[in-house]
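Chemist: Read top to bottom, the protein sequences are chains A and B. Read in order, the letters of the first sequence are residues 1 to 108 in our numbering. Read in order, the letters of the second sequence are residues 1001 to 1389 in our numbering.
One or more of the hints may lead you astray.
Calculated lysine-lysine pairs in the DSS-like style (CA-CA distance at most 27 Å, straight line) [stated by the list, open to error]: (1) B/Lys-1179 - A/Lys-57; (2) B/Lys-1248 - A/Lys-69; (3) B/Lys-1179 - A/Lys-77; (4) A/Lys-39 - B/Lys-1179; (5) B/Lys-1285 - A/Lys-94; (6) A/Lys-62 - B/Lys-1256; (7) B/Lys-1256 - A/Lys-57; (8) A/Lys-57 - B/Lys-1248; (9) B/Lys-1236 - B/Lys-1108; (10) A/Lys-66 - B/Lys-1248; (11) A/Lys-62 - B/Lys-1248.
Covered by chain A, per the in silico footprint, the following chain B stretches (three or more residues, Cβ under 8 Å) [stated by the list, open to error]: (12) 1036–1043; (13) 1133–1141; (14) 1171–1181.
Just the calculated beta-carbon pair ranges, DEER-fashion [said to hold, decoys possible]: (15) A/Asn-80 - B/Arg-1157: 53 to 61 Å; (16) B/His-1330 - A/Gly-71: 41 to 49 Å; (17) A/Thr-88 - B/His-1270: 34 to 42 Å; (18) B/Pro-1260 - A/Pro-96: 12 to 20 Å; (19) A/Ala-95 - B/Lys-1108: 53 to 61 Å.
Calculated directly from the structure, the hints in this document are not laboratory data. We put the beta carbon where it would ideally sit given N, CA and C, even for glycine.
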Amino acid sequence: MSRLSLVAVILMGRVASLWGLAAQAPDLPAGDMQAKARKACLECHESRIILQQRLTKATWGKEVDKMIKWGALVDAKDGNALIDYLSTNFPADKAPEPAARVPGPKKK
Amino acid sequence: MISRRDFLKDASWALATAGMVHPSLSWGADQSAAPAVTGKQGMILRSFRFLDLEMPTEFMNTWITPVPHFFVRNHMFEPSTLDAGEWRLRVSGEVEKPLSLSLTDLRKIESHSVINTLECAGNGRGFQSPHVPGIQWQRGAVGNARFRGPRLGDLLRRAGVKPAGKYVMFHGLDEVPGKVPPFIRSIPVEKAMDSDSLIATSMNGAPLTRHHGFPARALVPGWIGAASCKWLSEIKVLDQEFEGNFMKPGYRMPDKPIEPGGSANPDATHPITGLSVKSVIAGPKDGTTLKHAAVEIHGAAWAGEADVTKVEISTDSGVTWTRAQLGTEHAHYAWRLWSYWWKPSERADYLIMSRASDSQGRMQPTTAVWNPSGYLYNAIDQVKVHVQA
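With the rest of the complex left out, here is chain B (with noise of 0.2 Å):
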């Protein structure tokens, strides 16, 4: 007999294998062998069940990111069933007024607009040494994007958050496996209510896409993609920062650095809030070869709350540097694009690097702080090219 949770899983599987195609079908010599992702084109295949997707450095040239190609990061099953119709956003706990919002209500209230760089903490824990376990993400868990939705602080005002209230909730429509903990965070009551944080409902001007958490995601501007719950429905004023698994021990750092390899004390770290700084080199490609011509050599180069003020460049293995020129198309909270033309002296091998700074006196680090679940990776970005005639 099939019960009506398995019901669920294989309508959602027939739904999402229609838009599916079989390899030998859809494959071009040039792809091995993944299977099609609805809304999604060229990303690298992290994992399919559960959903993580990496967008390919060859797409961070745009300042806003498509939507094709912004990376997913799922810690479980999205909704099987999600009827927008059905759907509500409850606000409850230290609240006076607790509200039930159904979409149409969220859509009457005044929205803003916010550029954010979304990247999941643990982008670049491939890169860690010695590895950790996790996704092994390298560049590409990170995108830019135009969110708009209602203020969540102005949700907050409606609902009148009550002395007691610190923390502010978020909880998402995230099908469990197992006995895995729900997806539950929560943010400190003064950044929820920040007039950047949002309830956003679009993604570059269309409605959230299922693999963005549609219909409402929260939008924590500069913090790490997890603090933006998908699929939201459940918006919870507390007294206490949230202890579930994806606040402790997940999401924190160590309070003082850890031998690497070595093991945290859950009770040493603290939850990790704004991103780091942090320049990524999209082209040319690591291992890629070049003629003896001018190249460009290009990224994008952010820092969560903080502005980026430089990227600088070294060809030379980082003896010397030299600032490159920044994209003009900027906003706080975004990532800017930058470049910088490179004229090899000779025909030999070369290691390009990259080192953002910000606005808060931080520069990328030579080596990243080396932590059990590899978050924050932001050491200074390196690829090897060879010219030759």
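The shape of chain A in the complex, shown without the other chains (with noise of 0.2 Å):
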């Protein structure tokens, strides 16, 4: 593969993975976790992971722990306040969220 073509591969998929995921994949709820929450979850995960969360404080706090053990980008300092933002934004509560269907097969 020439350079060109190589650099023209990863621009496209760098491209295409940015356009991709802000096309399809919904934000985080605003707040003011909101950027951290990006930051510490979809440097793994896509938002639907956690949008379809209907959890607990107590069982938030633990997914929380588990992630930061994992390698989330967690500061000691905002730990409680992303654990506040989770449990606010997905309570056990709250209605389920509607999952998306990928394309086809075609109507007859």
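Assembling the complex is the task here: the two chains are given apart, and the hints tell you how they should meet.
Modeler: Here it is, written out as structure tokens:
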């Protein structure tokens, strides 16, 4: 593969991934912790996995602890605020998140 | 500067997105925002990264589930680069003669076919109450397919398992994000030597697709999907059970029932092996309004290593039960399709329920055993319908 086409593949990948993710995955909810939640969670996951959870604050706490152990970037001073943000936006008693469908097959 | 790893990720993105079409060009009015996924059609998108796709129950109407509708459960990135020519499967550990096999080598070994219902241990997690964390699967993290490949036991016999070898560990080529532990699990050597345990290289008559573990995966029939490691690269015979994250605390059930919403002491848990007895109603769908006419209630039932012996239907909220007709197609480890023709007596709201029983004397319970990860949900399935004029 020529250097030019190699660069093209890289650029295509980066543009496609940024465009694709921006177009496809809903954002995390607005709030003071939105940016830090994006940094903590979306480095590995996309938002759908967060949006579908319905958990108590205690269970969110355990999940955040586990994810920090697995490499999520959360400053120690932000831990409680992140748990508050997640448990406020995705509490146990909230209605389920509707799920999207990947395209196809075509209807007859 | 782009690291090699970043480059591989981007290259894989570029390849992945080659089959991806912008939503505004490809989505019908009935499909909310979701990307196309190569080789998959109409699936419920639980997560795109990492890829987790659920089969809608409308596709639970064929005994063999077509690959485009077969669920996908990934814990991490799929391999970004995998050259089938370079790929090797190593067999090592407590063996007399370690092996390193190419795909060509594998294809020279006598192959066998097993029709197996593969179900994610977390299927139905979304119905658990209180809610538990994880992919919120409902009914469709399950499918039935014909897998083919050499027997795992034949490979182990070639390598010669030493007397100390008690467990067989699988390691795949999943790419680990952050500090997440690698996806490594083990099964007892007795199950590995079972004549139906395979190193599967094909699914429904075609080579495994990337999402299903190309070029080879373990196939541990009747057991939870996590036992059947994808993108297999290493089989290691151990003198004890592997103790990584996906064996402990992952994929374990409490030894004794715990208070719903409580937590389990990992030392009072055991690894999940075989699937539970379970039936699912594929149609009519929950919340449907039906005409006042005969309607077919239908679905599938499975029982892991056991055989489904009957499926019963109730159309009066569980007061009375009638046997459904089981489909003629059956095989050990494979689900049974079932159906029941029902003529509603009057225009009203109905709660339709299904419950399966199996050859081990198990019956679907009214309430599934709650556990902190929502594994093995198998409560009697139910859908509400409204019958109108």
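Chemist: Work down the list of hints and note, for each, if the structure agrees.
Modeler: Now for the hints, and whether the structure bears them out:
Taking the CA atoms of B/Lys-1179 and A/Lys-57, the gap is about 24 Å. The hint holds against a cut of 27 Å. Our distance criterion of 27 Å between C-alpha atoms is met by B/Lys-1248 and A/Lys-69, whose separation comes to about 16 Å. The hinted pair formed by B/Lys-1179 and A/Lys-77 meets the criterion: a straight-line CA distance of about 21 Å does not exceed 27 Å. The suggested pairing of A/Lys-39 with B/Lys-1179 holds, with an alpha-carbon distance near 16 Å, which does not exceed 27 Å.
Using a Cα cut-off of 27 Å, the hinted pair B/Lys-1285 and A/Lys-94 holds, with the two alpha carbons roughly 23 Å apart. For the suggested pair A/Lys-62 and B/Lys-1256, the alpha carbons sit about 22 Å apart, so the restraint of at most 27 Å is met. Simply put, B/Lys-1256 and A/Lys-57 have alpha-carbon atoms about 25 Å apart, close enough for the 27 Å limit, and the pair holds. With a C-alpha separation of about 24 Å, the suggested pair A/Lys-57 and B/Lys-1248 falls inside the 27 Å cut-off, and the hint holds.
Distance restraint check for B/Lys-1236 and B/Lys-1108: the Cα-Cα separation of roughly 21 Å lies within the 27 Å cut-off, and the hinted pair is therefore satisfied. Between A/Lys-66 and B/Lys-1248 the CA atoms are separated by roughly 14 Å; this keeps the pair inside 27 Å, and the hint holds. A distance of roughly 16 Å separates the Cα atoms of A/Lys-62 and B/Lys-1248; the hinted pair therefore holds under the 27 Å criterion. For the stretch 1036–1043 of chain B, the proposed coverage by chain A is satisfied: 6 residues have a C-beta within less than 8 Å of a C-beta in that chain, meeting the threshold of three.
Counting residues of the stretch 1133–1141 of chain B whose C-beta lies closer than 8 Å to any C-beta of chain A gives 3; at least three are required, and the coverage claim holds. Given as covered by chain A, the stretch 1171–1181 of chain B passes the check, having 5 residues with a CB less than 8 Å from a CB of that chain where 3 are the minimum. In this structure the supplied range 53 to 61 Å holds for A/Asn-80 paired with B/Arg-1157, their Cβ-Cβ distance being about 56 Å. Here the CB-CB span from B/His-1330 to A/Gly-71 is close to 46 Å, well matched to the stated 41 to 49 Å.
Separation of A/Thr-88 from B/His-1270 is about 36 Å and conforms to the stated range, judged on CB atoms against 34 to 42 Å. At about 19 Å, the beta-carbon gap between B/Pro-1260 and A/Pro-96 stays in the expected band of 12 to 20 Å. A/Ala-95 and B/Lys-1108 have their C-beta atoms about 55 Å apart, which keeps the hinted 53 to 61 Å range intact.
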